[in-house]
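Q: Can you make the complete structure from the sequences, with help from the hints?
Number of protein chains: 2
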Amino acid sequence: MFYLIKKKRVTILTCQGRKEMKHLNLYEENDFAEKAFKKLLVHDSPYFKILNFNFKAGQELPVHSHEIEGQLSLLILEGEGEFLGKDNAAIPAKTGDVVISEIAEPHGLRAKTDLRLLVTIAPPI
Amino acid sequence: MFYLIKKKRVTILTCQGRKEMKHLNLYEENDFAEKAFKKLLVHDSPYFKILNFNFKAGQELPVHSHEIEGQLSLLILEGEGEFLGKDNAAIPAKTGDVVISEIAEPHGLRAKTDLRLLVTIAPPI
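Line by line, the protein sequences are chains A and B.
Following this note's numbering, the numbering of the first sequence begins with 248 at its first residue and continues without gaps.
Following this note's numbering, the numbering of the second sequence begins with 248 at its first residue and continues without gaps.
Be aware that one or more of the hints could be misleading.
[Stated by the list, open to error] In silico lysine-lysine, BS3-like type, Cα no more than 25 Å apart, as pairs:
no.: 1; chain 1: A; residue 1: LYS341; chain 2: B; residue 2: LYS341
no.: 2; chain 1: B; residue 1: LYS333; chain 2: A; residue 2: LYS341
no.: 3; chain 1: B; residue 1: LYS341; chain 2: A; residue 2: LYS303
no.: 4; chain 1: B; residue 1: LYS282; chain 2: B; residue 2: LYS341
no.: 5; chain 1: A; residue 1: LYS341; chain 2: B; residue 2: LYS285
no.: 6; chain 1: B; residue 1: LYS341; chain 2: B; residue 2: LYS285
no.: 7; chain 1: A; residue 1: LYS296; chain 2: B; residue 2: LYS286
no.: 8; chain 1: A; residue 1: LYS303; chain 2: A; residue 2: LYS282
no.: 9; chain 1: A; residue 1: LYS286; chain 2: B; residue 2: LYS285
no.: 10; chain 1: A; residue 1: LYS296; chain 2: A; residue 2: LYS286
no.: 11; chain 1: B; residue 1: LYS286; chain 2: A; residue 2: LYS341
no.: 12; chain 1: B; residue 1: LYS296; chain 2: A; residue 2: LYS341
no.: 13; chain 1: B; residue 1: LYS341; chain 2: A; residue 2: LYS296
no.: 14; chain 1: B; residue 1: LYS296; chain 2: A; residue 2: LYS296
no.: 15; chain 1: A; residue 1: LYS285; chain 2: B; residue 2: LYS285
no.: 16; chain 1: A; residue 1: LYS286; chain 2: B; residue 2: LYS286
[Unchecked claim] Ranges of calculated distance between the beta carbons of each label pair, as one might list FRET restraints:
no.: 17; chain 1: B; residue 1: LEU288; chain 2: A; residue 2: GLU275; range: 24 to 32 Å
no.: 18; chain 1: A; residue 1: LYS286; chain 2: B; residue 2: ALA304; range: 30 to 38 Å
no.: 19; chain 1: A; residue 1: LYS285; chain 2: B; residue 2: ALA280; range: 36 to 44 Å
no.: 20; chain 1: A; residue 1: ILE315; chain 2: B; residue 2: ALA351; range: 25 to 33 Å
[Stated by the list, open to error] On the chain B side, residues computed to face chain A include the following (Cβ under 7 Å):
no.: 21; residue: LEU273
no.: 22; residue: PHE279
no.: 23; residue: VAL346
Quick caveat, the hints were computed from the structure, so don't treat them as lab data.
From the three backbone atoms N, C-alpha and C, an ideal C-beta is built for every residue, glycine too.
A: And the structure:
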């Protein structure tokens with residue numbers, strides 16, 4: 248198993264030469280930008296992909312979908328906004344909210360305050 | 248696709264009879280207990296399983312492992328404690344920390360303050 252390591256502060260704990268655990272802090276690894284939301288690839292493996300998106304108030308991940316089988320979870324780590332769906336659906340989103348969606352279903356997010364989102368996709372896209 | 252819905256406040260958004268998104272709030276759905284940590288099954292599907300564990304200070308998820316292929320993520324939603332591993336390993340854990348582990352690697356958690364943990368397992372155990 249190989250991990251895709253993109254940040255210098257990620258710690259790989261090894262024992263007897265074997266990779267065991269990857270450890271990082273989302274608040275230290277990713278910040279915000281005025282120009283556009285900031286994306287951090289937290290993990291990518293054959294099992295799942297984990298991404299962290301940080302939005303400044305007003306920034307948006309437009310509604311999109313992929314025609315593949317699988318599901319994703321959207322977790323609001325902090326902040327307020329709206330989950331977006333097809334037909335202009337907009338569902339209030341706040342800290343601690345989780346949405347589970349088929350990967351093939353349209354989904355997106357709009358931030359009303361600075362907002363940290365964690366996305367987990369299985370199997371990985 | 249069927250979702251396992253265990254809590255009354257979970258919302259299933261449907262369109263033309265099709266289940267699309269599941270929506271719940273972790274802070275509203277799960278609380279703490281003095282007797283033992285509290286476990287909430289957030290989602291279970293062929294793709295992944297998502298669990299929320301809430302620990303009072305001092306409570307612990309003992310080190311364990313399962314001899315199956317796959318990985319899991321441990322995310323500290325809030326609180327401080329220690330990630331536990333084999334050979335009595337204990338790694339400081341704080342809000343925003345993510346650990347990725349093979350399912351087959353020993354893993355656990357000890358809370359030093361009240362702590363909310365999100366566990367995502369792919370494929371589901």
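Q: Each hint needs a verdict: does it hold in this structure or not?
A: For each hint, the structure was consulted:
1. A/LYS341 <-> B/LYS341: Cα-Cα ~21 Å, so holds.
2. B/LYS333 <-> A/LYS341: The given pair, whose Cα atoms are some 36 Å apart, is violated under the 25 Å limit.
3. B/LYS341 <-> A/LYS303: 23 Å, holds
4. B/LYS282 <-> B/LYS341: Holds: B/LYS282 and B/LYS341 sit about 23 Å apart, inside 25 Å.
5. A/LYS341 <-> B/LYS285: Roughly 22 Å between the alpha carbons, so the hint for A/LYS341 and B/LYS285 holds.
6. B/LYS341 <-> B/LYS285: 19 Å, holds
7. A/LYS296 <-> B/LYS286: 24 Å, holds
8. A/LYS303 <-> A/LYS282: 9 Å, holds
9. A/LYS286 <-> B/LYS285: 32 Å, violated
10. A/LYS296 <-> A/LYS286: Status holds; Cα separation ~13 Å.
11. B/LYS286 <-> A/LYS341: Measuring from Cα to Cα gives roughly 21 Å; hence the hint holds.
12. B/LYS296 <-> A/LYS341: Status holds; Cα separation ~22 Å.
13. B/LYS341 <-> A/LYS296: Within the cut-off at roughly 22 Å; holds.
14. B/LYS296 <-> A/LYS296: The given pair, whose Cα atoms are some 14 Å apart, holds under the 25 Å limit.
15. A/LYS285 <-> B/LYS285: 33 Å, violated
16. A/LYS286 <-> B/LYS286: 30 Å, violated
17. B/LEU288 <-> A/GLU275: 24 to 32 Å: 30 Å, holds
18. A/LYS286 <-> B/ALA304: 30 to 38 Å: 34 Å, holds
19. A/LYS285 <-> B/ALA280: 36 to 44 Å: Once the Cβ atoms are compared, 37 Å apart, the range 36 to 44 Å for B/ALA280 and A/LYS285 holds.
20. A/ILE315 <-> B/ALA351: 25 to 33 Å: Taking Cβ atoms as reference, A/ILE315 and B/ALA351 lie about 27 Å apart, which means the hint holds.
21. LEU273: 4 Å, holds
22. PHE279: Where the cut-off is 7 Å and the nearest Cβ of chain A is about 14 Å from B/PHE279, the hint is violated.
23. VAL346: Holds: closest Cβ of chain A sits about 5 Å from B/VAL346, inside 7 Å.
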